[in-house]
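Could you build the full structure based on these sequences and the hints that come with them?
The listed protein sequences derive, respectively, from chains S and Z. The numbering used here puts the first residue of the first sequence at 2, with every later residue one more than the last. The numbering used here puts the first residue of the second sequence at 3, with every later residue one more than the last.
Since the hints were made in silico from the structure, they are not lab data. Backbone N, C-alpha and C define an ideal beta-carbon position, used for all residues, glycine too. All clues stand as given, with none of them false.
With the Cβ distance kept under 7 angstroms, some of the chain S side facing chain Z (calculated, not the full set):
1. Glu4
2. Lys7
3. Ala8
4. Leu39
5. Leu42
6. Ser43
7. Ile46
8. Lys48
9. Gly49
10. Leu58
11. Thr61
12. Ala64
13. Leu65
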Amino acid sequence: MNEMLKAYLDNELNAEDRAAVEKALAENPELQTELDQLQALSEAIEKGSTQIQITGLEATLSALGKKRNRFAWVRSPYALVAAMTCVIAFFMTSPFGSGGMVAEEAADMANTASVAESAKMEYAPSESPADAEAKSRVSREAEIPQASAGVDIGSDSKDKSLFGQEEAYGIKPPPDSASLVPGNPRLIIKNGNIQLLVKNLESSYKAVEDLAKANGGFVESGDRSKTTQSKYGSLSIRVDSKKFDQTMQSLRLLGDVQSESNSGEDVTAVVANAEARLKQMRLEEKQYQEVLKQAKKVSDILEVKRYISEIRQQIEGTEAQIKAMRGMATLSTIYVGLEERLKITSAPRRDWLSNSWIRAINRFTGITRTLVSFALNIVILAPFWLPVVIGLWIWRRRATKK
Amino acid sequence: MNSLTDKAQSGDPEALRKLVCEHYSQVFKFCARRVGSQAAADVTQEVFLTMQQSIKRYENRSSFSTWLLGIAQNHCRNHSRKQKKSWLQLQNWFAPSQPFEHKAIASVVLQEALGKLSDDHREVVVLHELDGMTYTEIASLLSIPEGTVKSRLHHAFQSLRTHVNGGIA
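See below:
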């Protein structure tokens, strides 16, 4: 019954319990005493409770009138630090940043884009096999004359806009070469190299062959190749030196000139020296012939014949050298590289589901890499932002305590 | 009453204002007994701002007053936790300005007896005796059965009575 006394006092009992308590109270004076004590306690608690002065109603009503900014946290200094960190991390992650995406990632992204755009493939100009071959030839040429003739007259390599007159070859004969052989015509070995982008490889190839023949020359060598992107052709033609410039001019008209170079070597002095040595050797040979006629001893005869044989070999070698140089000066060599680019108008056919799947995978990979890179950048930037955040936290904590 | 909450729920600013005025005193006192008079104004303002934001979620399952005091209870608990203060500190709700004796109960003895109550008992005592909540409202606020409220109050008062009787003796 005691348990129900407090509830009875608070009027929290149903009628039946209430009646039971009232009956017990009438019968038991101690119970009544307890009830009085409970009531006294309640009154005492209320009497001794803290007096509270109501304040702040106007301020609350005013605050309710203003539209509460749900994004107040944006103005917090933490948000500012976080935003700055994210911006820096973004620039470090993105390809625009100096830290930027590594070349591999950039290539991957490009691949992703190319897959999506695969139906419209465009092939960037690249060094063709013909280019490479021509370049290696030119480099070989640059070494050979220096080694053999020992006289480097000069070379000139320029793009199509700089191409010009024969003087532009940069041929500067040694100052003593002309004076050594007065009246001799100048002997110049000319070499040219031209790379052309043509519309039709077959017709251009044939045109180069015809051009060589028309200019008093011939095709020394030629080959053709093909890749998935381009067709390549390369020819080495010999033309009359006098028609070198004319031939080069005609070649330029065959297509779009990608690169062009030429070189010249003045061998006048070399040939003049060889001819002077030849003349001297012939004179010596003639003298040995006279001695041979007068010799009587077999040993003397054999000895003189040996000398004559040696000098004859030298004479023939020098004559061949002179002849070769004259021949090279007469017929210039031009290396012609041809390239025809194949236009691929459509990508390999795939159904839409495969394409969508590939695109989705590529996007997922790209985004994942970007996010991971972004997260790594934020972690790496921790030495910068973490002290600021800790400082702010401490500062705010102290401010709150105050 | 219901019509006022309905209007406030539909976004009527005047109804909201009236609702605040009507409950401000009760909520302020409720908060003051839990976080102290100094912080009560700020906490009460937070309570009403929360009420403004979430009044559309009020579903009449309990009285509006109980629902509002539930919000106040959460705010007060968060505040106490942040301030690292114990819950329902005695000086916040029982501090007679002058010592008194009421029907043979000395205020000092009662204060001592109240200070020895457990947290659960102290909570129901304050909710019922000072905040004026019924057993049903207390049960709804604390999410406990009504019988538990009755039992806690009985034991709390028995404890107080024993202590006070001992003090007198």
